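K.L.:
Take the sequences, apply the hints, and build the full model.
As you go down the protein sequences, you meet chains Z and B in turn. As numbered in our numbering, residues 7 to 241 make up the first sequence, in order. As numbered in our numbering, residues 654 to 953 make up the second sequence, in order.
In case anyone wonders, no lab produced these hints; they're calculated from the structure. The structure presented is a predicted model; accordingly, all values stated were derived computationally and were not measured. Do not rely on the hints blindly, as some may be mistaken.
[To be verified] Below, simulated EDC-like cross-link-like pairs (lysine to aspartate or glutamate); rule was C-alpha separation at most 16 Å, straight line: (1) Z:Lys210 x B:Asp880; (2) Z:Lys123 x Z:Asp38; (3) B:Lys726 x Z:Asp152; (4) B:Lys726 x Z:Asp239; (5) Z:Lys123 x Z:Glu44; (6) Z:Lys41 x Z:Asp189; (7) Z:Lys199 x Z:Asp189; (8) B:Lys726 x B:Asp670; (9) Z:Lys199 x Z:Asp53; (10) Z:Lys68 x Z:Asp152; (11) Z:Lys87 x B:Asp656; (12) Z:Lys41 x Z:Asp124.
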Amino acid sequence: MLISRRSFFKAAVAVATVATGAASTGCSHTVDTHKPGEGPRWGVVIDLRRCFGCHACSVACKAEQDVPLGSFKSWVAVSEKGTYPDVRRNFLRIMCNQCDQPPCVEGCPTGATWQRKDGIVMQEEQTCIGCGYCIQACPYGVKYKDPRTQTAQKCDFCAHRVDQGLAPACINSCNAQALVFGDLNDPASEVSKLIASNPVQTLKPQAGTGPRVYYIGLDGDSADPLAGRPVVDHV
Amino acid sequence: MSDATIVYTVPQMLVWDWRVTADLFLGGTGVGAFFVALYADHRFRDRHPEVTRLAAWAAPLCIIGGVILLMAKLGHPERIWMTVEGFSATAPLSWGSFFQALLIGLALVYAIALRGGEDTRRTRQWLAVASVPVALFVGGYHGFLLSAMRAHALWNTGAATVAAVLAFVITGLALVTLLLCMHPRRRDLLDGIREIRWLLGAALLAQIGTLFVWWVSLEWGLAPARDALATANASWGTTFWIGAIGVGLVLPLLLGGAGILAERRLSQRARVALIAVSSLLILVGGYMFRHSVLMGGQLA
Numbered sequence: 007m008l009i010s011r012r013s014f015f016k017a018a019v020a021v022a023t024v025a026t027g028a029a030s031t032g033c034s035h036t037v038d039t040h041k042p043g044e045g046p047r048w049g050v051v052i053d054l055r056r057c058f059g060c061h062a063c064s065v066a067c068k069a070e071q072d073v074p075l076g077s078f079k080s081w082v083a084v085s086e087k088g089t090y091p092d093v094r095r096n097f098l099r100i101m102c103n104q105c106d107q108p109p110c111v112e113g114c115p116t117g118a119t120w121q122r123k124d125g126i127v128m129q130e131e132q133t134c135i136g137c138g139y140c141i142q143a144c145p146y147g148v149k150y151k152d153p154r155t156q157t158a159q160k161c162d163f164c165a166h167r168v169d170q171g172l173a174p175a176c177i178n179s180c181n182a183q184a185l186v187f188g189d190l191n192d193p194a195s196e197v198s199k200l201i202a203s204n205p206v207q208t209l210k211p212q213a214g215t216g217p218r219v220y221y222i223g224l225d226g227d228s229a230d231p232l233a234g235r236p237v238v239d240h241v
Numbered sequence: 654m655s656d657a658t659i660v661y662t663v664p665q666m667l668v669w670d671w672r673v674t675a676d677l678f679l680g681g682t683g684v685g686a687f688f689v690a691l692y693a694d695h696r697f698r699d700r701h702p703e704v705t706r707l708a709a710w711a712a713p714l715c716i717i718g719g720v721i722l723l724m725a726k727l728g729h730p731e732r733i734w735m736t737v738e739g740f741s742a743t744a745p746l747s748w749g750s751f752f753q754a755l756l757i758g759l760a761l762v763y764a765i766a767l768r769g770g771e772d773t774r775r776t777r778q779w780l781a782v783a784s785v786p787v788a789l790f791v792g793g794y795h796g797f798l799l800s801a802m803r804a805h806a807l808w809n810t811g812a813a814t815v816a817a818v819l820a821f822v823i824t825g826l827a828l829v830t831l832l833l834c835m836h837p838r839r840r841d842l843l844d845g846i847r848e849i850r851w852l853l854g855a856a857l858l859a860q861i862g863t864l865f866v867w868w869v870s871l872e873w874g875l876a877p878a879r880d881a882l883a884t885a886n887a888s889w890g891t892t893f894w895i896g897a898i899g900v901g902l903v904l905p906l907l908l909g910g911a912g913i914l915a916e917r918r919l920s921q922r923a924r925v926a927l928i929a930v931s932s933l934l935i936l937v938g939g940y941m942f943r944h945s946v947l948m949g950g951q952l953a
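P.N.:
What follows is the structure, given as structure tokens:
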């Protein structure tokens, strides 16, 4: 006996439900980061009023993280505004925002990009298949594909240093003390005090990612981390 | 637009290239061909079994071809099994890998089952039941993969998924039609599947409408959407407007319309040639559509 149309649709819905249910027993790699009192939640405050664009932080990052030529885990974008004689240069330090809702973690199909409880978003080289989805998913353009390992890479707040009680390399290297690192869950920390006592902004708040890099003195016209970036093909 | 001029910043790397386009294109075409196989098995099984056979084998071969090219783009294709171990419910790629692999299996079994003729008809019907939702998901997934990206305003619209679904219908129908044009019994077959050609025409019109809505939603959208459209247009506008729209949609519609109007005056050979050329243009345009959207979207 041939199957009727009604049976066909009923069975199709059943199959779809079973397949979806089977697939969704897989986990998600997003985690709930520490709430106040549960543990640290790391963040950075960048006081752009102090930054004068020396790039010491960029160099320190390159050296500490062994970032290959042509790739960048963090950098300082420079922009100019106004016309002579009323010209001003703005500096914007760009690094991974270690988002509260990281789209790179949500989109990773293998769990190579994952988030610690302290909020740091980690990148595992050994489990990355190099699909590039996380790089595409990042609204800030702070991930890249390492040409040596063919895996995605990003700033991780120098987690290896943080775990030993040290600050990230960029923080230590800043000549102007424009970069402050600390525990956002500790109201007595320097970052918490700065956020409480200054108007702070984040990059692309409309993306809904909950970034934890805060800026003081951010110029709205210079706030797009993707603006003006020349495009190169990655081999 | 910003009043600031960027003096220094770092380059942005394009991560995805033609191989990802090929996966989206071949995967979508394979899904479309699979639906043609299911439809032909239901409608033309007795009169033109060749249609079902051609479409049924074209489907998994296309999808497999796309997957092979995609894996060639991966940094570590040998670790692909980690998508199973590390399956993430929030990752479109996890879902896509799972359902795409499932569809390849189902499509291959379906194609092999066709050899049994009437003996395997009931089996094929149950295979169709299992395959339809999977194929629909895979077809939509190829668009949803991009639509889900908040980071890229050009992609982050519902129209991207709708356009991808229509694209798989269009290129799947076009591929099967082109293959039929090369069959020894092509004249009978093409006359016999006339309704599929009408469906193709309707899908082409629907796609033009969808792309228009997509363009409007960007052009009249918020600043990030407008900027994304302008950036993509600057580099990939020609490929999109002339290749995807002109070559892939408008020209085939015009040729199809001309063919219908001049049907009585055209020889059988000329009609077949017209259909073949239209189908080829649709496939070329379909690829250009995928490529211009993929590459243009990465820029903004």
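K.L.:
Work down the list of hints and note, for each, if the structure agrees.
P.N.:
Verification of the supplied hints:
| no. | hint | verdict |
| --- | --- | --- |
| 1 | Z:Lys210 x B:Asp880 | 15 Å, holds |
| 2 | Z:Lys123 x Z:Asp38 | 7 Å, holds |
| 3 | B:Lys726 x Z:Asp152 | 14 Å, holds |
| 4 | B:Lys726 x Z:Asp239 | 13 Å, holds |
| 5 | Z:Lys123 x Z:Glu44 | 9 Å, holds |
| 6 | Z:Lys41 x Z:Asp189 | 11 Å, holds |
| 7 | Z:Lys199 x Z:Asp189 | 11 Å, holds |
| 8 | B:Lys726 x B:Asp670 | 8 Å, holds |
| 9 | Z:Lys199 x Z:Asp53 | 13 Å, holds |
| 10 | Z:Lys68 x Z:Asp152 | 13 Å, holds |
| 11 | Z:Lys87 x B:Asp656 | 6 Å, holds |
| 12 | Z:Lys41 x Z:Asp124 | 9 Å, holds |
Comparing the model with each earlier hint shows no violations; every hint is respected.
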